[in-house]
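Based on the provided sequences and hints, a complete structural model is requested.
What follows is each chain in one-letter form.
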Amino acid sequence: MSAGSIAVRGRNLEGGLKGPLLWSFVLHSLLFGSLGVSTILSHRGDLWGGPGGGGAVSLKLVGGLTGVPLPQPESVTTNRVVDESKGLYKSEPKPKPKEPPPDAKQIPKFTKEKQPYYVTRPSKTLEDPTPPPQNAVPYGQGGSPAVPYSQFGMGANGATNAGMQFGGQGGGDFGGRFPWYVDAVRNRVSSNWLQSTVDPSLRWAPRAVVTFDILRNGAIANAQILQSSGNASVDSSAMRAIQGSNPVNPLPNEYSGNKVSVEFWFDFRR
Amino acid sequence: MESKDGYKDGARMRISRLAIWRAAPGLMLFACALYVLVAPAAAQDWFRTGTGLGVSKPKVAVADFVSRNDASAAMAALFSDVVRNDLDYSGIVDLASKSFYPTQVPSVPMELNYQAWSDPPASAQFLAFGNLTVTDTSEEIQAWFNDVKNPTAPPVVGRVYHGDSNEEQTRRYAHQFADEIIARLSGGLPGVAATQIAFVSTRSGNKEIWAMDYDGANQHEITSLHSIALTPRWSPDADRIAFTCYPTAGSILSAQICVYSAVSSRLLNWPRYRGTNSSPAWSPDGTKVMFMSSMLGNPELFIAEADGSRPRRLTHSTGADTSAAWNPKTGQQVAFVSDRGGTPQLYTMDADGSEVQKVELPDMGYVIDPAWSPNGQLLAFSWRRPNGNYDLYVMDIATHALVELTRDAGRNERPSWAPDGRHMVFESTRTGTRQIWSMLADGSAVRPLTSAGQNESPNWSPK
Chain A
1384 MSAGSIAVRG RNLEGGLKGP LLWSFVLHSL LFGSLGVSTI LSHRGDLWGG PGGGGAVSLK
1444 LVGGLTGVPL PQPESVTTNR VVDESKGLYK SEPKPKPKEP PPDAKQIPKF TKEKQPYYVT
1504 RPSKTLEDPT PPPQNAVPYG QGGSPAVPYS QFGMGANGAT NAGMQFGGQG GGDFGGRFPW
1564 YVDAVRNRVS SNWLQSTVDP SLRWAPRAVV TFDILRNGAI ANAQILQSSG NASVDSSAMR
1624 AIQGSNPVNP LPNEYSGNKV SVEFWFDFRR
Chain B
85 MESKDGYKDG ARMRISRLAI WRAAPGLMLF ACALYVLVAP AAAQDWFRTG TGLGVSKPKV
145 AVADFVSRND ASAAMAALFS DVVRNDLDYS GIVDLASKSF YPTQVPSVPM ELNYQAWSDP
205 PASAQFLAFG NLTVTDTSEE IQAWFNDVKN PTAPPVVGRV YHGDSNEEQT RRYAHQFADE
265 IIARLSGGLP GVAATQIAFV STRSGNKEIW AMDYDGANQH EITSLHSIAL TPRWSPDADR
325 IAFTCYPTAG SILSAQICVY SAVSSRLLNW PRYRGTNSSP AWSPDGTKVM FMSSMLGNPE
385 LFIAEADGSR PRRLTHSTGA DTSAAWNPKT GQQVAFVSDR GGTPQLYTMD ADGSEVQKVE
445 LPDMGYVIDP AWSPNGQLLA FSWRRPNGNY DLYVMDIATH ALVELTRDAG RNERPSWAPD
505 GRHMVFESTR TGTRQIWSML ADGSAVRPLT SAGQNESPNW SPK
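So the sequences go chain by chain: A and B. Residue numbers are given in our numbering: position 178 of the first sequence equals residue 1561, and the series is strictly consecutive. Residue numbers are given in our numbering: position 420 of the second sequence equals residue 504, and the series is strictly consecutive.
It is worth saying that the hints were derived from the structure and are not from the lab. Quick reminder that beta carbons are idealized off the backbone N, C-alpha and C, glycines included. Please note that the accuracy of each hint is not assured.
[What the hints assert, rightly or not] From the structure, some residues in chain A lie toward chain B, with a derived Cβ separation under 7 Å:
#1 Pro1452
#2 Pro1483
#3 Trp1648
Spelled out as structure tokens, the structure:
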């Protein structure tokens, strides 16, 4: 009796499991289905950040007004770790000397090997046997310095001003004594450099270098292009920036000389 | 390239040794000449610098000026505050926060601890400091501006001011000192701390011409005509102010041009013409005045000598032409407002009336109040676009690129450039009443200058 009742109960259980499982499957699939449908429905046409969509804010940044002599905001350049440009002297690491062959001897071959049809010999290289000078740029490390330019701010780094001016022989130490003056000239010329007058199709140009003299009273004389950027519109915009800054401030009272020569470079990029 | 084989060099040396003995006198002379030529060149200083990656603003600290006696304490505080404010508003430096200053304050260069100011937290590159001594009648101010990152460098500015001891004089000296600093740091562009702004105010009951310092201090009435005075314009030498006045002739009020002399503090003689005459504009050399006049019927632009004689008609159109502004750089080009096309729009022409061109803008609306920047490259104006209020815009005249300077802040009209090209003054209704505001020419650092009454139509003095 008891066993029969168990069997009945078990059969009842078995029969009862199928139904709930089916129900659970149907309900789960309904749940996931509705989840999917609601997701699709609720996000239809709502492209986040797209035009007309909510939540998107269009921001237009005005970097600065060219022509207004306010300092332009500093732009950040990426640090170039790798520099592909080659140095002047070839000083590649020499190939490792061949390791001596192991002791084991090859089994001598008795058949005579065929001579190759063409005999190629290494061509004679006409290399300069003189060793490179002490200060030679090592191979692969030439080119412009692979550091952010902002490091080179005049005066900001104290008395050293790495890379910006050369003291000593013939150069004097004008930049070291009057870094504020160098900064002032740079600010003035920068604010007068109208990059909008450069050929609009140009995105980048090599450095243009202009030299000029600043006379005692601040007048600019002898402006000329030392190194062209290769693009006439960049060169003329650089020359116009110099001419538009004339005159700059008079030379510092403490400076005894009559004039200072300036080498000014222009790096154009949009 | 060095020569490869040694024996050739040796031979050459033997030959040259013989030659040297023979040519010794000539060579000596040549060497002397070379020395004379090269020696000055070796003393020639030079530096290298460049641009392309923006410019950082130098960080400047202004130490509290030390008062040498009890009487000078208030003046010292005023002096340091004005210098600080001037430098802050110059737009070319970053002012170090006062709470980061070292406690030790120098009064003379001997006491200056360079390290304390150049190290964090002050992190200043330059420091302004000095001292004041006030006696019963006079005051003496010693002021320095030093590069604290380069202790060996001589002071950038060192000045002693000596004069009457009153607030106005102290302010003037502070402005002079700040201007000197700004001129040095900006590469020769003078500061504007000593300039003035003329404007129209109703404070005394009528619309009269007033003037104030560039920072809003020292506001004072210039004219008292007890009628209406409008559109003041400084002459290029800042000696005279031309404006539109309404002198009473019997019972008829007619607009005329009046010229006030700031030197002799009185009105100058200027002829009266038929009809309405208004909105004068000085030529950059100060010898001519352009104004709107309806002396021949239709409101047109006329040009006359600075004393008002020999008026000549410049424009010929069916609409009204007014609000002329000369290009201060060239003096060859004039921008003006005309409604010949139906609505007030901006036009340019040559100073002799030829080459009239419409300034094309990318939208409709009213365009009024043109103002040239001192370098002649930018044109500021007020523009009411179809869906908006009057807002200030700046246009690069060469490329016609536009920058909007104000938005969602009342009506903004009548821009006027400061002589340094970095600042602008304008009228705005953003606080509910019409007041004078100034800002940097890129639209930043907006600050109110007036608050009492209704104030409008500002004009920045050219020096």
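Q: Please name the hints from earlier in the document that this structure breaks, with their numbers sorted from lowest to highest.
A: 2
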